[in-house]
Amino acid sequence: MKNKIMTMKEAVKHQVKDGDTIVIEGFTHLICFAAGHEIIRQKKKDLVACRLTPDLIYDQLIASGCVRKVVFSWAGNPGVGPLYGLRRAVENGYPRKVEIEEYTHFGMVARFIAGASKLPFMHLRTFSGSTLFQKNKNIKSVKCPYTGEILAAVPALNPDVAIIHVQRTDSLGNAQIWGLMGVQREAAFASQRVIIVAEELVNKEVIRSDPNRTLIPGMIVDGVVIEPFAAHPSYAQGYYDRDNQFYVDWYNISKSKESMERYISDWIIGVSGRKEYTEKLGKEYIEKLKAKEQLSAPVNYGY
Amino acid sequence: MESYSSSEIMVARAARELKDGEVVFVGIGLPNLACNLARNLQAPNLILIYESGAVGAVPSRLPLSIGDPCLVTDSISVCSMVEVFNYYLQGGLIDVGFLGGAQVDRFGNINSTVIGDYQNPKVRLPGSGGACEISIHAKKIIIILKQNKKTFPKKIDFITSPGFINEINQRNKYNMPGRGPYLVITDFGVYRFSDTNYEMILTEIHPYISLQDLKNNISWNIKISSELKTTLLPSKEELRIIHQLDPERIHLP
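Keeping their order, the protein sequence lines are chains V and A. Going by our numbering, the first residue of the first sequence is number 261, and it counts up by one from there. Going by our numbering, the first residue of the second sequence is number 108, and it counts up by one from there.
Keep in mind that the hints are not guaranteed to be accurate.
[Stated by the list, open to error] Using 35 Å as the maximum straight-line C-alpha spacing, the simulated DSBU-like pairs for lysine-lysine come out as follows: (1) A:Lys280 to V:Lys517; (2) V:Lys264 to V:Lys543; (3) V:Lys395 to A:Lys229; (4) V:Lys269 to V:Lys535; (5) V:Lys403 to A:Lys247; (6) V:Lys397 to A:Lys246; (7) A:Lys262 to V:Lys400; (8) A:Lys280 to V:Lys378; (9) V:Lys397 to V:Lys515; (10) A:Lys330 to A:Lys256; (11) A:Lys280 to V:Lys395; (12) A:Lys257 to V:Lys395; (13) A:Lys343 to A:Lys322; (14) V:Lys303 to A:Lys229; (15) V:Lys378 to V:Lys357; (16) V:Lys515 to A:Lys262; (17) A:Lys262 to V:Lys397; (18) V:Lys464 to V:Lys273; (19) A:Lys343 to V:Lys357; (20) V:Lys269 to V:Lys517; (21) A:Lys253 to V:Lys329; (22) A:Lys253 to A:Lys343; (23) V:Lys395 to V:Lys357; (24) A:Lys343 to V:Lys397; (25) V:Lys262 to V:Lys550; (26) V:Lys397 to A:Lys257; (27) V:Lys535 to V:Lys548; (28) A:Lys322 to V:Lys403; (29) V:Lys400 to A:Lys247; (30) V:Lys400 to A:Lys261; (31) A:Lys262 to A:Lys330; (32) A:Lys330 to A:Lys343.
If you're looking for bench data, these hints aren't it; they were derived computationally from the structure.
Based on the sequences and whatever the hints tell you, model everything.
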């Protein structure tokens with residue numbers, strides 16, 4: 261079997277192309293900031309960036325001019341405020357005009373289910389009575405052939421590339437996640453190409469010792485990047501905590517375009533990669549975020 | 108008498124609505140405080156579900172976001188968002204859903220998407236997230252938001268989460284499984300909805316708030332219940348737990 265391990269630089273260079281539809285998923289948990297930063301360093305452009313919650317990572321991609329369109333369902337800095345980078349692009353076209361295509365969370369989840377199932381659309385019971393139904397022409401109605409009920413329908417979402425951060429993987433990309441799983445499995449199965457970024461490389465025996473935890477199988481994975489702390493300021497359950505203070509600080513960092521651009525220049529373009537980023541944060545900073553140990557009870561897979 | 112803030116009376120009032128054993132879809136901020144207050148008082152078996160996938164969460168710190176790792180540790184189950192929306196919410200398992208927003212109208216329709224025109228917004232807000240489907244599916248909806256003429260306008264700019272839509276209640280027409288908005292809790296009072304024309308009715312006014320002041324902070328001529336009550340003050344015990352839940356007063360300005 262081909263060893264899929266590569267550096268973040270190689271993964272982004274070969275797997276993310278200008279104009280691609282990309283998804284860096286992870287609902288609050290396991291958002292791969294390191295991959296977003298590398299995309300900015302490599303100056304990828306005209307990307308269609310899909311995520312339920314664009315979060316700080318797409319705010320940074322948008323402010324760096326990498327994005328032509330964002331497909332989403334909730335655009336804010338959770339518990340803190342707005343995404344100013346996205347707002348400047350949508351309201352003032354700075355640094356470039358960004359188109360938006362908007363759904364609800366359930367709508368985005370359904371788009372990924374259809375994409376992963378290789379179906380043209382998915383039906384669901386939502387959107388009725390909302391103005392979004394009139395504004396987004398991709399949201400349509402479908403009549404149930406059995407009951408006659410009118411349901412909402414959303415089109416499949418099949419990105420060119422998915423970047424999924426996980427706690428551990430083997431060299432083939434058999435990837436395990438625990439804690440919040442968001443919609444990563446569906447996003448990976450829906451995409452043409454999949455890059456796994458992991459906190460830890462483990463041998464295949466570790467994966468096979470706990471197969472229920474394998475969210476993404478290596479058979480759909482094209483590249484494996486081992487990069488500890490790659491989700492910061494997001495988090496990895498059991499590895500490090502969410503850097504809530506940074507999310508709070510982002511409010512002021514991103515509020516003016518000058519200070520946001522200074523951040524991008526200092527912390528993204530100004531470092532060579534995640535290793536230098538973590539060195540710049542410092543040992544003490546990282547130590548404070550380190551997860552406490554809370555082990556689960558072991559299970560018996562024997563028969 | 109204990110002193111309390113307007114956020115604290117909102118949290119305490121919301122918590123009293125929750126019954127032991129109910130399944131509640133929790134949002135961040137005041138709803139999170141209300142649900143955890145209820146869990147510490149009359150509803151120890153309240154099941155808290157966060158849209159991130161944490162089911163039966165027992166957060167040991169105040170979560171800044173609905174995806175905080177403290178919602179996972181010691182929860183009953185962690186599921187993907189496919190399951191949260193398909194099986195729990197669309198599956199009809201949610202008894203109570205909490206919603207906030209930037210604007211609410213007299214029929215309990217909520218806007219959290221945009222102020223002004225959708226294409227050329229005055230203010231672009233975060234959008235639905237899961238709010239639209241929560242408003243459609245949860246058996247009942249409790250709306251929590253601070254009240255003024257802007258948040259309670261005559262007409263909202265965008266319906267993100269449908270309430271009754273209009274005075275003839277469109278929920279049945281659209282096949283919405285949930286019964287819709289049930290209670291609105293603000294920093295001035297508590298409102299319910301008429302079962303004849305589905306309009307908001309003031310049923311409780313908070314202590315030390317004048318009716319005139321309340322009316323000055325709403326853009327339409329609000330109907331007032333003939334049995335208008337005064338909201339109970341938050342108790343010492345309620346305030347003690349609220350302060351314990353949010354020691355830095357992040358959600359209690």
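So, going through the hints one by one against the coordinates:
1. A:Lys280 to V:Lys517: violated (47 Å)
2. V:Lys264 to V:Lys543: holds (30 Å)
3. V:Lys395 to A:Lys229: With a Cα-Cα distance of about 17 Å, the restraint between Lys395 of chain V and Lys229 of chain A holds, given a limit of 35 Å.
4. V:Lys269 to V:Lys535: Holds, at roughly 12 Å.
5. V:Lys403 to A:Lys247: Holds - the C-alpha atoms of Lys247 of chain A and Lys403 of chain V are around 27 Å apart, at most 35 Å.
6. V:Lys397 to A:Lys246: holds (29 Å)
7. A:Lys262 to V:Lys400: Given that 35 Å is the threshold and the Cα spacing comes to 26 Å, the pair holds.
8. A:Lys280 to V:Lys378: holds (32 Å)
9. V:Lys397 to V:Lys515: Judged against 35 Å, a Cα distance of about 32 Å means the pair holds.
10. A:Lys330 to A:Lys256: holds (16 Å)
11. A:Lys280 to V:Lys395: Holds - the C-alpha atoms of Lys395 of chain V and Lys280 of chain A are around 20 Å apart, at most 35 Å.
12. A:Lys257 to V:Lys395: holds (23 Å)
13. A:Lys343 to A:Lys322: holds (30 Å)
14. V:Lys303 to A:Lys229: Within the cut-off at roughly 31 Å; holds.
15. V:Lys378 to V:Lys357: Holds. Lys378 of chain V to Lys357 of chain V sits at ~32 Å (cutoff 35 Å).
16. V:Lys515 to A:Lys262: holds (30 Å)
17. A:Lys262 to V:Lys397: Given pair Lys262 of chain A, Lys397 of chain V holds - Cα atoms ~24 Å apart, limit 35 Å.
18. V:Lys464 to V:Lys273: With Cα atoms ~27 Å apart, Lys464 of chain V and Lys273 of chain V stay inside 35 Å; holds.
19. A:Lys343 to V:Lys357: Distance of about 53 Å is beyond 35 Å: violated.
20. V:Lys269 to V:Lys517: Answer holds: Lys269 of chain V to Lys517 of chain V is near 27 Å, not above 35 Å.
21. A:Lys253 to V:Lys329: Between Lys253 of chain A and Lys329 of chain V the Cα gap is close to 34 Å, so the pair holds against 35 Å.
22. A:Lys253 to A:Lys343: Holds, because 23 Å separates the two Cα atoms, which is no more than 35 Å.
23. V:Lys395 to V:Lys357: holds (19 Å)
24. A:Lys343 to V:Lys397: violated (52 Å)
25. V:Lys262 to V:Lys550: Roughly 34 Å between the alpha carbons, so the hint for Lys262 of chain V and Lys550 of chain V holds.
26. V:Lys397 to A:Lys257: The hint holds at about 29 Å.
27. V:Lys535 to V:Lys548: The hint holds at about 18 Å.
28. A:Lys322 to V:Lys403: Given that 35 Å is the threshold and the Cα spacing comes to 45 Å, the pair is violated.
29. V:Lys400 to A:Lys247: holds (26 Å)
30. V:Lys400 to A:Lys261: holds (29 Å)
31. A:Lys262 to A:Lys330: holds (16 Å)
32. A:Lys330 to A:Lys343: Measuring from Cα to Cα gives roughly 32 Å; hence the hint holds.
Going through the hint list in order, the structure does not satisfy hints 1, 19, 24 and 28.
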